Amino acid sequence: MNTSWFPVADDHDIIPRHVVRASLHGHELVVWRADDGNVNVWENRCLHRGVRLSIGSNDGAELVCRYHAWRYANRSGGCTYIPAHPADAPARTVQCATHPVALRYGLVWTRLDGGDHDDPPVLDALESDPFVLRARPVAASAAAVLAALESFTFAPVGAPPDREPTVECESVPGGVTVTATVDDVVERVVVFVQPVGLGRSVVRPVRSGRPADPMVAWRHHARVLGRFVDEVERLPPTDADADGVVEVAVAPPVARPSSDRRTVRIERKWTTADQIAAFELVDPSGEVLPVIQPGDHIDVHLPGGLVRQYSLTNAPGESDRYRIGVKRTVDSAGGSAYLHEVAAVGDTLEISVPRNHFALRRNVPDTLLIAGGIGVTPILSMAQALARVGLGFELHYFASSPAEFAFEEILEALGPSVNRHVGLDADATSAELERLLAQPGPTRQVAACGPPPMLDRLRRLAADAGWADDAVQFEYFDSGEVDRSSVFTVELARSARTIEVATGVSVLDAIRADGIELASSCERGACGTCAVTVLDGEVEHNDVYLSPAERAADDTLLTCVSRATSGRLVLDL
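Take 1 as the starting number for the sequence shown in the working numbering and just add one per residue.
No lab work stands behind these hints: they were computed from the structure.
Keep in mind it's a predicted model, so treat the numbers as computed, not measured.
Incorrect hints may have been included.
What the hints assert, rightly or not - Only pairs whose alpha carbons sit at most 16 angstroms apart, straight line, appear in this in silico EDC-like list of lysine to aspartate or glutamate:
(1) 269 x 341
(2) 269 x 347
(3) 269 x 280
(4) 269 x 409
To be verified - Label-pair restraints from in silico Cβ distances:
(5) 460 x 84: 29 to 35 angstroms
(6) 345 x 468: 41 to 47 angstroms
(7) 400 x 568: 56 to 62 angstroms
(8) 416 x 502: 51 to 57 angstroms
(9) 17 x 423: 38 to 44 angstroms
(10) 337 x 497: 36 to 42 angstroms
(11) 150 x 84: 37 to 43 angstroms
(12) 122 x 235: 30 to 36 angstroms
(13) 389 x 150: 50 to 56 angstroms
(14) 493 x 103: 54 to 60 angstroms
(15) 15 x 423: 25 to 31 angstroms
(16) 330 x 17: 44 to 50 angstroms
Just so it is clear, CB atoms sit at the ideal spot from N, CA and C, and this is done for glycine as well.
Can you build the whole structure from these sequences, using the hints too?
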């Protein structure tokens with residue numbers, strides 16, 4: 001058929017907040033449009049139990065499976081939430097198979113082989129105001145329909161009924177162009193054929209130019225095409241019917257890069273608050289970025305080997321760009337200073353894939369979101385996710401002055417759920433936190449991010465008020481100053497190695513210096529990436545990641561900041 005692209009739906013049928021089922025080459029597809037206008041074409045199966053996603057719901061940013069409510073993000077198809085595991089961020093390998101999409105001539109086109117070496121056909125006849133006519137299913141193969149279209153005929157709309165038209169048919173990729181003429185009345189229609197499966201197809205006609213009376217033209221061609229379909233379906237089977245299903249290698253899900261790093265370009269940079277710069281980052285080639293989950297952050301690799309973590313403020317389904325906020329710190333070692341003073345629109349940066357150590361539970365009716373200063377960035381992502389699914393929340397944002405409230409455009413969109421607290425001193429902030437935390441309950445949860453003193457106080461107040469440990473989620477930016485003057489020995493049980501940890505050296509650096517790779521991210525005791533199991537010894541917990549109960553158990557060490565109070569630690573490494 002001289003093309004790998006085929007139309008699978010009329011563009012006007014893909015209406016917001018609805019889902020359309022389609023088929024191509026025997027493969028079931030789901031087609032849906034997000035609120036940002038992006039049209040998705042995916043394999044029509046939930047990755048959990050194989051239920052058709054076409055019976056799910058489209059909330060404008062994510063497609064939700066009807067069976068167990070797994071959620072899949074616009075553009076990337078990545079799973080963003082699994083209700084059976086509300087406290088865990090889904091693995092980023094859980095991703096629907098997506099297919100490329102093109103909108104052309106009022107039709108939604110896709111291809112199944114994953115290639116990108118061509119585009120849907122370009123036809124001069126349809127370049128000026130194409131008018132989509134009524135599509136019709138046909139109980140015949142695409143090859144049989146194309147063969148029949150070689151003798152397709154119709155009278156132009158508005159032509160004298162007693163005159164026979166002159167008809168010319170010309171093959172085009174995936175269809176036939178039919179030009180009918182009576183005297184000076186000329187009408188041209190391109191009929192595309194969608195191969196559905198064995199002995200089944202769909203004809204999708206598009207008229208060249210918008211008619212003077214669209215309804216008259218639509219009805220006229222519906223009758224003509226109806227007669228054509230009846231004639232084709234009465235034809236005896238031929239060898240052409242054997243190619244009703246075309247063997248096509250279906251593209252796999254969008255592959256993650258072999259490294260967790262990828263290059264992005266600064267698409268936009270602006271001042272969003274006093275001493276806070278905002279950045280929008282996009283893939284330089286226009287590809288979809290890895291799926292985003294509320295509470296995610298990325299590592300940004302900067303000149304001089306600096307690596308800094310910044311939370312994403314994105315709403316659900318925003319995977320065409322990442323948005324971060326960067327606060328300029330007085331004692332910057334070069335990270336925030338570089339981004340504020342040097343980085344410019346058009347520059348490229350290396351970032352990690354998103355990581356999540358601050359997962360949002362979306363099975364709780366009432367959420368209290370608390371942010372201090374730049375700590376609002378992950379909280380904004382959470383607030384937008386809760387608003388999207390209609391769960392109740394309050395966002396309380398603490399800042400020293402009105403000029404320090406960041407991302408006002410997002411705050412305004414969240415409406416009356418946002419509460420601003422300006423210029424409170426430590427005692428007043430503590431009193432307000434105590435008031436907010438006064439009523440714990442089984443249907444309530446807290447998520448908070450901000451400076452360490454504020455979060456330390458919040459955690460104590462929550463414990464005093466009776467909040468359960470798993471009902472209070474928090475994220476620190478770092479653990480503050482750490483005393484690294486102690487000297488001790490670390491034994492790696494599985495590696496049969498003994499390592500001396502010297503003054504000023506972290507356990508993480510000492511282990512790496514001995515040739516053993518250990519994953520890490522923030523290296524400030526806040527994210528938990530470098531946590532290892534302690535088999536023997538006593539730990540000096542300098543992190544802000546572990547809960548009081550986890551610290552009391554004394555069986556986990558964050559190697560980037562924590563040390564030993566005993567002379568020896570045995571680790572499960």
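Evaluation of the provided hints:
| no. | hint | verdict |
| --- | --- | --- |
| 1 | 269 x 341 | holds, 11 angstroms |
| 2 | 269 x 347 | holds, 11 angstroms |
| 3 | 269 x 280 | holds, 7 angstroms |
| 4 | 269 x 409 | holds, 15 angstroms |
| 5 | 460 x 84: 29 to 35 angstroms | holds, 32 angstroms |
| 6 | 345 x 468: 41 to 47 angstroms | holds, 46 angstroms |
| 7 | 400 x 568: 56 to 62 angstroms | violated, 45 angstroms |
| 8 | 416 x 502: 51 to 57 angstroms | holds, 55 angstroms |
| 9 | 17 x 423: 38 to 44 angstroms | holds, 42 angstroms |
| 10 | 337 x 497: 36 to 42 angstroms | holds, 39 angstroms |
| 11 | 150 x 84: 37 to 43 angstroms | violated, 55 angstroms |
| 12 | 122 x 235: 30 to 36 angstroms | holds, 32 angstroms |
| 13 | 389 x 150: 50 to 56 angstroms | holds, 52 angstroms |
| 14 | 493 x 103: 54 to 60 angstroms | holds, 58 angstroms |
| 15 | 15 x 423: 25 to 31 angstroms | violated, 47 angstroms |
| 16 | 330 x 17: 44 to 50 angstroms | holds, 47 angstroms |
Checked against the numbered hints above, the structure breaks hints 7, 11 and 15 and satisfies the rest.
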